[in-house]
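A.B. asks: If you want the building blocks of each chain, they are given just below.
4 protein chains.
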Amino acid sequence: MVKVGIVGASGYTGGELLRILAGHREVEIACVTSRAHADKPVHRVHPNLRDVLDLTFEDIPYERVAERCDFVFCATPHGASMEIVPKLLEHGTRVVDLSGDFRFADVAVYERYYGRKHVAPGIRATYGLPEIHREEIKRAKLVANPGCYPTAIILGLVPLLKAGVIDSTRIVADAKSGISGAGNKPKETTHFPNAAESVLAYKMTTHQHLPEIEQELQRFSSEARVSFVPHIVPVIRGLTATLHCFLTRSMSPEEVRQLYQEYYREEPFVRVLDIGEVPRLSAVRGSNFIDIGGFAVDEERGRVIVIAAIDNLVKGASGQAVQNMNIMLGFSEEEGLGSIAIHP
Amino acid sequence: MVKVGIVGASGYTGGELLRILAGHREVEIACVTSRAHADKPVHRVHPNLRDVLDLTFEDIPYERVAERCDFVFCATPHGASMEIVPKLLEHGTRVVDLSGDFRFADVAVYERYYGRKHVAPGIRATYGLPEIHREEIKRAKLVANPGCYPTAIILGLVPLLKAGVIDSTRIVADAKSGISGAGNKPKETTHFPNAAESVLAYKMTTHQHLPEIEQELQRFSSEARVSFVPHIVPVIRGLTATLHCFLTRSMSPEEVRQLYQEYYREEPFVRVLDIGEVPRLSAVRGSNFIDIGGFAVDEERGRVIVIAAIDNLVKGASGQAVQNMNIMLGFSEEEGLGSIAIHP
Amino acid sequence: MVKVGIVGASGYTGGELLRILAGHREVEIACVTSRAHADKPVHRVHPNLRDVLDLTFEDIPYERVAERCDFVFCATPHGASMEIVPKLLEHGTRVVDLSGDFRFADVAVYERYYGRKHVAPGIRATYGLPEIHREEIKRAKLVANPGCYPTAIILGLVPLLKAGVIDSTRIVADAKSGISGAGNKPKETTHFPNAAESVLAYKMTTHQHLPEIEQELQRFSSEARVSFVPHIVPVIRGLTATLHCFLTRSMSPEEVRQLYQEYYREEPFVRVLDIGEVPRLSAVRGSNFIDIGGFAVDEERGRVIVIAAIDNLVKGASGQAVQNMNIMLGFSEEEGLGSIAIHP
Amino acid sequence: MVKVGIVGASGYTGGELLRILAGHREVEIACVTSRAHADKPVHRVHPNLRDVLDLTFEDIPYERVAERCDFVFCATPHGASMEIVPKLLEHGTRVVDLSGDFRFADVAVYERYYGRKHVAPGIRATYGLPEIHREEIKRAKLVANPGCYPTAIILGLVPLLKAGVIDSTRIVADAKSGISGAGNKPKETTHFPNAAESVLAYKMTTHQHLPEIEQELQRFSSEARVSFVPHIVPVIRGLTATLHCFLTRSMSPEEVRQLYQEYYREEPFVRVLDIGEVPRLSAVRGSNFIDIGGFAVDEERGRVIVIAAIDNLVKGASGQAVQNMNIMLGFSEEEGLGSIAIHP
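Protein chains in written order, with the working numbering: chain A, 1 to 344; chain B, 345 to 688; chain C, 689 to 1032; chain D, 1033 to 1376.
Excised from the complex, chain A in its bound form (with noise of 0.2 Å):
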């Protein structure tokens, strides 16, 4: 058994990770770190948890977390996890972060989006999307796990972009993200009353999730430019981005859907639905997969409209990390990510 840690356990895609990793057979749950709930059982914070998981949250230096566990996800915010990531990785441990710290090949790219310095511009990650960058991370020391949008959105047009179909100078990723992608901390735009029979757009154009989309995406077509817009909608999980590109030649749904399906043929984490059918959060709710469908085109705008759905804390985060980690140690890809969504 792999002894893993979890630092910063207490958040929502801490409480995820505990979930997953909870029925992982190949993992034994070492260490769990919060600085406010020290002395805690995970359950005060994870009700979920309660007979499930027998642990304490605990605030140690990270050198011991690094004593006590071969492998760590960081499942702590911006700005923390580059000043804890290089002290793991000095003690040989494997890391995977959440945060968006070691997500970008350029650091001044980072320090723009997310205003401030890094403090560890020289450590060097491998991107976390599997589906893209499978080889790399097998042997990767650190993984920088995705964000929400970008994997919804970077999934839902790599084989249009591939295939050279679309101009890829005018990509629009409409997202709509539910509530928990802002974290368990209390805020005005989480308040029920404010959240609830609302829609929301925000950071139209300056989220900090653009630049790791155009980043993944100039892999494929170097001019890629989205029009990104996030919005917050009255859902406590899911993503789904909607994503509008303009056909450079006449295609059919039929000739879209297949770009996908044979894209995406060996993978177990995406599923690629038929004509006609638009994913639904209720089929990822609590899964790792990533549902894409729509495969719709308007011949006479020249347009196709393809959609992608997830659920923000499961493939948009910690059932992503677990994939990574899978991946890093050789375990079978889909070990502890078994969950069926919860539909209805």
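None of these hints come from the bench; they were simulated from the model. C-beta atoms are modelled at their ideal positions from N, C-alpha and C, and glycine is treated no differently. The reader is advised that the hints may include incorrect statements.
[Unchecked claim] Pulled from the structure, derived: some chain C residues nowhere near chain A, Cβ distances all over 10 Å:
{"hint": "1", "residue": "V690"}
{"hint": "2", "residue": "P749"}
{"hint": "3", "residue": "R756"}
{"hint": "4", "residue": "F759"}
{"hint": "5", "residue": "P765"}
{"hint": "6", "residue": "V797"}
{"hint": "7", "residue": "L849"}
{"hint": "8", "residue": "A851"}
{"hint": "9", "residue": "D855"}
{"hint": "10", "residue": "Q896"}
{"hint": "11", "residue": "E943"}
{"hint": "12", "residue": "Q949"}
{"hint": "13", "residue": "E950"}
[Stated by the list, open to error] Okay, derived cross-link-like pairs now, DSS-like style, lysine-lysine, Cα gap no bigger than 27 Å in a straight line:
{"hint": "14", "chain 1": "D", "residue 1": "K1170", "chain 2": "D", "residue 2": "K1194"}
{"hint": "15", "chain 1": "D", "residue 1": "K1072", "chain 2": "B", "residue 2": "K531"}
{"hint": "16", "chain 1": "C", "residue 1": "K873", "chain 2": "A", "residue 2": "K203"}
{"hint": "17", "chain 1": "B", "residue 1": "K529", "chain 2": "B", "residue 2": "K461"}
Here the structure of chain A is known, so what remains is to put chains B, C and D in place on it, guided by the hints.
C.D. replies: Relative to the frame of chain A, chains B, C and D by itself:
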């Protein structure tokens, strides 16, 4: 007092007409029809009207409606209106029709998108968007009240199109509607366990509001083309459109906002928000305002984002219908439309 | 025009007072105070009021408020009101206080349930439930506006208690409140991912509204005792109380309903539903009505069920406050309170 | 591997059975029937099962089901089960029936509350609440799976009743259910604009689960009588019951909790919360646990409040059905039921 009738008064738009007209000082509600609910008091169907309006649904021939009313709202479904409206007009009754039946200059477009033959192709109506057609509405015998999506999208785009500063062939309108927009008949997509915790794109390239949007926008830019995708979100009332446009020249957010300010300076029901403010549904819920904001410019990608929000049942339907009646009958345009939105 | 002020106008009840008073023909809003939002226009906090009210929050001493206003609403939190109200009364200003500070005849009860010492124990107020205390309200200098739960529960029980047909020692009031009742400050229980898809009982035996309910009910039956349990449900606005009572004699549903009909015959804001009808929140959302229905009798178990529903921010707070002001100032009791509920 | 069948597999409880059985290591799903969806793959109806279960709905005679299966779940509606179950039993197939058809020892009670004649009055079933009837379940040919409300209410009351510390004639069970409890057929009360932002009491004295609750509770206290009122709240899944009881002797919260701890000490699916903790739906959503907490004592009024929460589709239906099958077939009682709840 002008005597008004409502044909099809048991639906959501019928209920909203009643709520609004109950406070209108120039009209008397002379007749409310419903086949399914004949002889019931209106509050059996619209429980908010108990002790407010003492009216009973009737199931009577349209000729009788025309005799008893000076003015009629047809809140009947698509397909029904085209049978009823001609009979009302014959009697000299002026009509606002809330269905899609008379919104198109070209009957062939109607027949294509609504999938049925038009039985009254010779009857011409004025498209009832007061901010664009106020002068014609004054004289109209028949006003075709706009759809909810077109109201938000057209008003959200006209100032940019008119100024000629965007690529009018590549407009993306990603819209999110509350579920009351689907009417009061239960169906699978409106079943709470399906609709809650969900975001659902539908009719991604074929929605019947698409040609209506383009018909009106092409008055301002002849080659206007819109990539319109509607979504259902778990909200009762309210509709928001995120308008992704590509600028043809560099503009600041202030310049963009200025276009809207100037265009809508005299409009009683259009509120132009400040830079950085994003429309919220609670600010329009139950009121006839449209809020337009966003005005975010992304210079690097040459794009601008504008967001428009309405209550789909008020400015998107019954409120606008009363606004049209007020214009047609020479009343103050705001009469009866003073309800302040319910926030939170 | 009477000049009215609102102290603490940036909260939800402050916003509702503004929404209601904007349409009140006998008063002018002379002063709105907020410490946190001083110098901002009210629509920055209450976005529904944009272009409706041209007012700015001020942070001024209460003496100045008293000088500028003939009448003041204190929409301040528990504990703050008892500091402010005496200063306002000293200037001869009449006041409706929306907090719990002056609702108790016995200060010791206040101190026990609110966990703080009362600093103005000598000041007497009239309990502002017009359906019970209308005559005293007319003459009152200070009206203590009832809590939301007490409004629904007291009005839902009085006819049964007064008729002496139920066991007054074994009344169960199981109440469900929308989340706006918790105010506009984000907290853990109001965080959308916690509050949505949830039902949460709280303060099951210790809620501060319990003694208020019993104080008023004991006017009708001296040994009245209520098993009151409040719950938070995923609703923005609206409060419903299910009142489980045990009959001391056999009664038909019609007889039960008759008690309510008679008791509330003259009341402008109480609607007694028909047998078998159950109050719906959409029938009161945004309006000052209380709907009372249910009237289900279970002869075998000797029980009767009555259900009462209000909008917690209107009849449960600001609407009732304006109703009280109307009575105090001799206006029509319904002035300003004509908003029809928003259904659906 | 035991071959199991599901009759009526297209409803919500059918879908949950499939979700649970997909991970069950002792059974093979041999047959899933649906008249309406015959020949469709199951994922067309249950989108969460795409790429998880490769099964197709069949419309075949019950004899064929019995031939192909060793064990059958009837997830058919009330009224249908009593036609089907006898045919299955004739073939020696053991059955768990999820409808209400076989829950009553006294057929007359069934006929009164379900409003239909029973066509198989001679067939006896064991009431499938394992915490009470485990021994009989082991030997049963037919288990009648409990209703969702009875599961929460009975388990929430038994320790108090058994201890004889409450007035068993004056128990109030005020229950709130998520809307999936109404099934997957759209109806007026489940239409999103009606169901959202709403709390609705229904069948206040006549719900068909009432006699089921009393039948079981009377095993512990012969004169047990429950004032049961069910409500629909805007939640997809989850059911909570607030149990208001009147103590016949003074007890501390600790003593109350102790009764539950002792009674459920060995139970794998009952979690007894700490004093002051209140069950949350997210702690049981998707899992087979029942959480029981509250344990609030109000000495002055001689009352105690207990709260029980379940996922209505799991412990309230399909999870409990699998738990019953596990007991009947001698498997580990927890087999297949390890899904951890989805929080948030």
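A.B. asks: Each of the hints needs a verdict: does it hold here or not?
C.D. replies: Right, here's what the structure says about each hint:
Non-interface status of C/V690 relative to chain A is upheld: no Cβ of that chain comes within 10 Å, the nearest being about 31 Å off. At roughly 29 Å from the closest C-beta of chain A, the C-beta of C/P749 stays outside 10 Å, upholding its exclusion from the interface. At roughly 31 Å, the least C-beta separation between C/R756 and chain A is larger than 10 Å, which holds for a residue marked as non-interface. Even its closest Cβ contact with chain A, about 28 Å, leaves C/F759 beyond 10 Å, as expected for a residue assigned away from the interface.
Every beta carbon of chain A lies more than 10 Å from that of C/P765, the smallest distance being close to 17 Å; the non-interface claim holds. For C/V797, the shortest C-beta to C-beta distance to chain A comes to about 30 Å, beyond the 10 Å cut-off, and the non-interface label holds. The Cβ of C/L849 sits about 33 Å from the closest Cβ of chain A, beyond the 10 Å cut-off, so the non-interface label holds. Interface exclusion of C/A851 from chain A stands, the closest Cβ pair being 38 Å apart, more than 10 Å.
Non-interface call for C/D855 relative to chain A: holds, since the shortest CB-CB distance, roughly 37 Å, exceeds 10 Å. Taking the minimum C-beta to C-beta distance to chain A, about 21 Å, the non-interface status of C/Q896 holds against the 10 Å cut. Look at C/E943: its CB is around 40 Å from the nearest CB on chain A, clear of 10 Å, so calling it non-interface holds up. The claim that C/Q949 is not at the interface with chain A holds, since no C-beta of that chain comes within 10 Å of its own (minimum 35 Å).
Every Cβ of chain A is farther than 10 Å from the Cβ of C/E950; the closest lies at roughly 37 Å, confirming the non-interface assignment. For the proposed pair D/K1170 and D/K1194, the alpha carbon gap of about 23 Å is at most 27 Å, so the pair holds. As the CA atoms of D/K1072 and B/K531 are separated by approximately 21 Å, the hinted pair is consistent with the 27 Å bound. Using a Cα cut-off of 27 Å, the hinted pair C/K873 and A/K203 holds, with the two alpha carbons roughly 23 Å apart.
With a C-alpha separation of about 24 Å, the suggested pairing of B/K529 with B/K461 holds against the 27 Å cut-off.
Every hint, counting from the list given before, is met by this structure.
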